[in-house]
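Taking the hints as your guide, dock the two standalone chains into a single complex.
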Amino acid sequence: MKTLTSLHTPKQWLGLLAASAIILLIPLLPLPDHWMPLLGKFLCFALVAVAMDLVWGYTGVLSLGHAVFFSLGGYAMGMYLMRSIGKEGVYRSELPDFMVFLDWKELPWYWHGFDSFPFAMAMVVIVPGVLAFIFGFFAFRSRIKGVYFSIITQALTYAFMLLMFRNDTGFGGNNGLTDFKRLLGYPLADPSVKKALYLISAVALLFGYFACRVVIMSKLGRVLLAIRDAEGRVMFSGYNPLPYKLFAWTMSAVLCGIAGALYVPQVGIINPSELAPANSIEIAIWVAVGGRSTLVGGVIGAFIVNGMKSYLTAAYPDLWLFALGAVFILVTLFMPEGVVGLIRKAFGAKDKDDIVVADESAEAIAEEITTAPETLNEKNLPSRA
Amino acid sequence: MTEAQTTTTAPGTTEHADARPGLNKQSILWVDDISVSFEGFKALTNLTLVLDPGELRCVIGPNGAGKTTMMDVITGKTRPDSGHVFMFGQTVELTERTESEIAVLGIGRKFQRPTVFENLTVFENLELALKAHKGVFKSLVWKLQGEQKSRIESALETIGLTERRDSKSGLLAHGQKQWLEIGMLLVQDPKVLLVDEPVAGMTHREMDKTAELLRSLAGEHTVVVVEHDMDFVRDISGGGQVTVLHQGRVLSEGTMDEVQNDPKVIEVYLGKPEGAEAE
Numbered sequence: 001m002k003t004l005t006s007l008h009t010p011k012q013w014l015g016l017l018a019a020s021a022i023i024l025l026i027p028l029l030p031l032p033d034h035w036m037p038l039l040g041k042f043l044c045f046a047l048v049a050v051a052m053d054l055v056w057g058y059t060g061v062l063s064l065g066h067a068v069f070f071s072l073g074g075y076a077m078g079m080y081l082m083r084s085i086g087k088e089g090v091y092r093s094e095l096p097d098f099m100v101f102l103d104w105k106e107l108p109w110y111w112h113g114f115d116s117f118p119f120a121m122a123m124v125v126i127v128p129g130v131l132a133f134i135f136g137f138f139a140f141r142s143r144i145k146g147v148y149f150s151i152i153t154q155a156l157t158y159a160f161m162l163l164m165f166r167n168d169t170g171f172g173g174n175n176g177l178t179d180f181k182r183l184l185g186y187p188l189a190d191p192s193v194k195k196a197l198y199l200i201s202a203v204a205l206l207f208g209y210f211a212c213r214v215v216i217m218s219k220l221g222r223v224l225l226a227i228r229d230a231e232g233r234v235m236f237s238g239y240n241p242l243p244y245k246l247f248a249w250t251m252s253a254v255l256c257g258i259a260g261a262l263y264v265p266q267v268g269i270i271n272p273s274e275l276a277p278a279n280s281i282e283i284a285i286w287v288a289v290g291g292r293s294t295l296v297g298g299v300i301g302a303f304i305v306n307g308m309k310s311y312l313t314a315a316y317p318d319l320w321l322f323a324l325g326a327v328f329i330l331v332t333l334f335m336p337e338g339v340v341g342l343i344r345k346a347f348g349a350k351d352k353d354d355i356v357v358a359d360e361s362a363e364a365i366a367e368e369i370t371t372a373p374e375t376l377n378e379k380n381l382p383s384r385a
Numbered sequence: 001m002t003e004a005q006t007t008t009t010a011p012g013t014t015e016h017a018d019a020r021p022g023l024n025k026q027s028i029l030w031v032d033d034i035s036v037s038f039e040g041f042k043a044l045t046n047l048t049l050v051l052d053p054g055e056l057r058c059v060i061g062p063n064g065a066g067k068t069t070m071m072d073v074i075t076g077k078t079r080p081d082s083g084h085v086f087m088f089g090q091t092v093e094l095t096e097r098t099e100s101e102i103a104v105l106g107i108g109r110k111f112q113r114p115t116v117f118e119n120l121t122v123f124e125n126l127e128l129a130l131k132a133h134k135g136v137f138k139s140l141v142w143k144l145q146g147e148q149k150s151r152i153e154s155a156l157e158t159i160g161l162t163e164r165r166d167s168k169s170g171l172l173a174h175g176q177k178q179w180l181e182i183g184m185l186l187v188q189d190p191k192v193l194l195v196d197e198p199v200a201g202m203t204h205r206e207m208d209k210t211a212e213l214l215r216s217l218a219g220e221h222t223v224v225v226v227e228h229d230m231d232f233v234r235d236i237s238g239g240g241q242v243t244v245l246h247q248g249r250v251l252s253e254g255t256m257d258e259v260q261n262d263p264k265v266i267e268v269y270l271g272k273p274e275g276a277e278a279e
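Protein chains in written order, with my numbering: chain A, 1 to 385; chain B, 1 to 279.
Chain B with its partners taken away, still in its complex shape (with noise of 0.2 Å):
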């Protein structure tokens, strides 16, 4: 399942017809081959990974092991020095777009920190995500359709902030904006949505809460999980895939058992004594 870390292709190129044999032809994304270095700090290095449709993935890895930047390159904020990333098998290629066209496309992204916009209720933060036309004339004369109103509901629903629809989402608990930032994706109906530690700073309650939440969203979309958390990683990642990130490359990619008992990871985490730990 591992992809190796091949550097067969020159850069640049857009086709990319059976340049990896063995690649399933039906992945939502793939990251081929991107590397991204700052100033002569290499962030990503030939960061390869696969995504198949509905799955759930989760990438773990210490601090600085590339893990934003991987999202910032898949989400358009960063170019990458070389490399592509494709979406629906090799059909889109996603590099050369600004952060809303990519957004439009189908990846949704939440931040880190909670980013919702305090100055409009829950709702309206809501209506302004939905997956509708978002040019600026439309806008003016935006009025919600029924058909419409109904999924925002369902999303208030889901993530359990019916009650509090007309409050300033600036008034939020920390948790409540969390799932508010979740719930914008969601109406947004994204084909990957990218989660950034999505429980910093949560309850016990609140985490559990969204580890159902995020579990629930599997299946129809594909969701991939950044997260420091092992214990949180653990709970939702079940049998699937869990990619370990080291120094901006895919260290170990399985089920969270494998990649827990593969030596470079327990290395990584834990350290050797002697070596490698002069980061």
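Isolated chain A (complex conformation) (with noise of 0.2 Å):
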């Protein structure tokens, strides 16, 4: 009961299951087919979202290339799919069908294993996990902050999908991982199929959420709280906050993978697309919406900001990224503690998690425009199915 408590005041988990309810009962509802992977796709969103703000929010470290772990966790989903479709592929061969159409003989070392579902699920979390720790390892120690660690994130992302794009990459390039046929022994296109595709995401959100808060409520947390506000004076006071730091990160990192690999099945593919750097600063205009330092807020903005997304590039393409732009330059000058904000201040409750420092995050969302417009720009690169 005391470590309830200790995570959600009364009211506040009265708020959680709610909105817990009706994410899950929403596949009761006589809904269109479409819908369900939709959804899905959204929670997936959201869960990365919520990854972010644990970086973003909570240790002040903005990544601009998060899209990498999330792929990473695609793919490695993606390879088992694609090992699961079995002779069923057009060429009817034991390979997948871009190493037929190369005209490779067999397959790949790294391609060994995703046979098996538990080692692709390890692989989910392991790939994006180490990656994550190693690339934190040498930025954190070498103590890179701020504007310059989120540039190094996007040349990340950038490099990744460069290398993605190659087919001796061994990925299928440019096509990526496609025509999966069944998870599980259970076929992709049966509507009951996706609806538990999209519980699972919906639970991995649940989890991703209350892991999160679980080490924000922590000692854990508060440090990681003011190494984003007075970094020299968490170091003075006797810690080092590289081991934090990369903790914080690494897990972000974890949890996007997960949101990958659940997001896969549900709309079928994975291509070097969605490592665009434009992709990441997305994630952090979900966050920036929805109001940083709250983790809910980037449920919240997921959802507003993809759900204009889907309406807006079905019904008026072209004006998206206006939209985009609009809403983000909107959020920044009006609403800089985003839609969460808005609420506390309608409501006028004075949450503990409340900023202080207002002033400073509008900065760090400043510092995002700046970048964000030459990389909305890469017209050449395939759009987001």
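No lab work stands behind these hints, which were simulated from the structure alone.
A virtual CB, placed ideally from N, CA and C, is assigned to each residue, including glycine.
Hints should not be assumed to be uniformly reliable.
Taking CB as the label site, the calculated pair distances span [stated by the list, open to error]:
hint, chain 1, residue 1, chain 2, residue 2, range
1, B, N63, A, K345, 41 to 49 Å
2, B, H133, A, H112, 41 to 49 Å
3, B, S150, A, L17, 31 to 39 Å
4, B, E96, A, A326, 50 to 58 Å
Take a look, some chain B residues computed to stay more than 10 Å from chain A by CB distance [to be verified]:
hint, residue
5, T68
6, D81
7, E153
8, E197
9, R205
10, L213
11, E258
Following this line, the structure appears as structure tokens:
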């Protein structure tokens, strides 16, 4: 009981239970078939946003490369799904279609093991986790901070995108991995499988949310907040910030990997466009729109922005990027604490998680604006399906 | 008492046994022949400073004298070009260690501008600073013990912030933030407290309270106060040692009366009409 109240006030628990109930009951509604994977996709994005908030909102480390971890989780799942197609591909071969097309005779070594579901699931967390750990270790040890760190993460995702675009890298090149048939023997086209994937995504989101919540409500979370606000003081208080940052960073990457793995069977494809720098910037926008340092804000922001995106890219495709830019500017100018900040103001609640230094967050967002236009203009890249 | 600025020891030597005859082996902190330069600018030149346990030492000097650089070197923020910093006589060398290691060894630092964690409450600020295991996984499962709690309570009492314990520290007044930061040093239980301009921007009443606080800390801790304000220094130094820095060197050392009557100090502070003012 005490551990429950240490995470949330009774009122917050009530709100959370209500929200979880709604999310978990949605599959019972008579919605059109294509809604399930769409909403399931949003849940995956929401998990990414929560993970992003842990490093950006709570640790002050703005990553503009989180799509890397999401995509690596996605590719790991995609590889399993490719292998479980078996001989039902276009070429009726043991090998994935793209390998036959490239005239490869045998499976590359790094594809071995992906026939096994447990192995693939382990890779979903291990690959992003290890990459994040190594990258984070060197970046944080060199005390790279602020906008410099953000730029390096952009470079990281861009480098991975170029790597994955190449056919000889062995991940399907430009087209990526697709034509999936089944997961653990269940056909992906089946509506009940879609519902199940939606529900698993919802559970994963709840798991990710509570995992982050446990961290931020512990002393570890308070140290993270302290690192964000005054890293020097933290060091002179006897803490080495490196393992703390590395913990939050790696945990965030692992959660993104899980989200990516759930995303891929629902959208049916993973390709290098997921790694486009603009995608990572969008993740930051979800969190900014929803409200930084709130966790819940990430979920809200991911749903709002992606809801808009789904609608606008279908109804007015040319307008989407303008709308995204406008939302971003409006949020920066008028809602520095995002939707959650707005709700708090409306209800006059002075929550424990309030940010005292509001102008600092505006500054961080403004930093992004300066990096965003260039990367958003990459017209030559294939857009996300 | 004053250490002559001898440069007999080769840089890089860590074994300093009897390198300084007459040096008090019991010294808690020994800044030994430190030189630091930034792109040609000599911030510190052969600086030597010896602190006894429980001493309250004031360090004064005009702008650019090297006071903050000295603190940076002691706390591991800046690596010196040459020289050493020893703790506990000659047993522990500090210049090769990181900031957090030095803090754990027992050197606490108060910044010039009050630096507290503004989004945490007063109590949480003290809890973070508390002397305890500071590893990441220990922090995840950390629970405050009864004895630790009473240490925080008594620190709250000392700095007079008991009633504000659950306020966000960002909402405190300037002077209160300064005291909270001193309180954070207290619960960290350092051997040496380095306090950088503690009364800058304070009202007279706040100054008196700060002086009292710092005096009460000396004895149990070694306190080094870097300050501009001569009245404040006179107030807290009592008959204790005052070190005057100038252009990265020790200009004079002695009681407040002694240094104030030292012609070299008068020259630097008041200036001679014809010379040495081309700074």
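Status of each hint after checking the structure:
1. B/N63 to A/K345: 41 to 49 Å: holds (44 Å)
2. B/H133 to A/H112: 41 to 49 Å: This hint holds: roughly 43 Å between Cβ atoms.
3. B/S150 to A/L17: 31 to 39 Å: At 38 Å between Cβs, range holds.
4. B/E96 to A/A326: 50 to 58 Å: holds (53 Å)
5. T68: Since the minimum Cβ distance to chain A is about 13 Å, B/T68 lies beyond 10 Å and the statement holds.
6. D81: Its Cβ never comes within 10 Å of chain A, the nearest being 21 Å, so this holds.
7. E153: holds (18 Å)
8. E197: The claim holds: B/E197 sits with its nearest Cβ about 16 Å from chain A, beyond 10 Å.
9. R205: holds (26 Å)
10. L213: Holds, because the least Cβ-Cβ distance between B/L213 and chain A comes to about 19 Å, which exceeds 10 Å.
11. E258: Its Cβ never comes within 10 Å of chain A, the nearest being 32 Å, so this holds.
The structure shown violates none of the earlier numbered hints.
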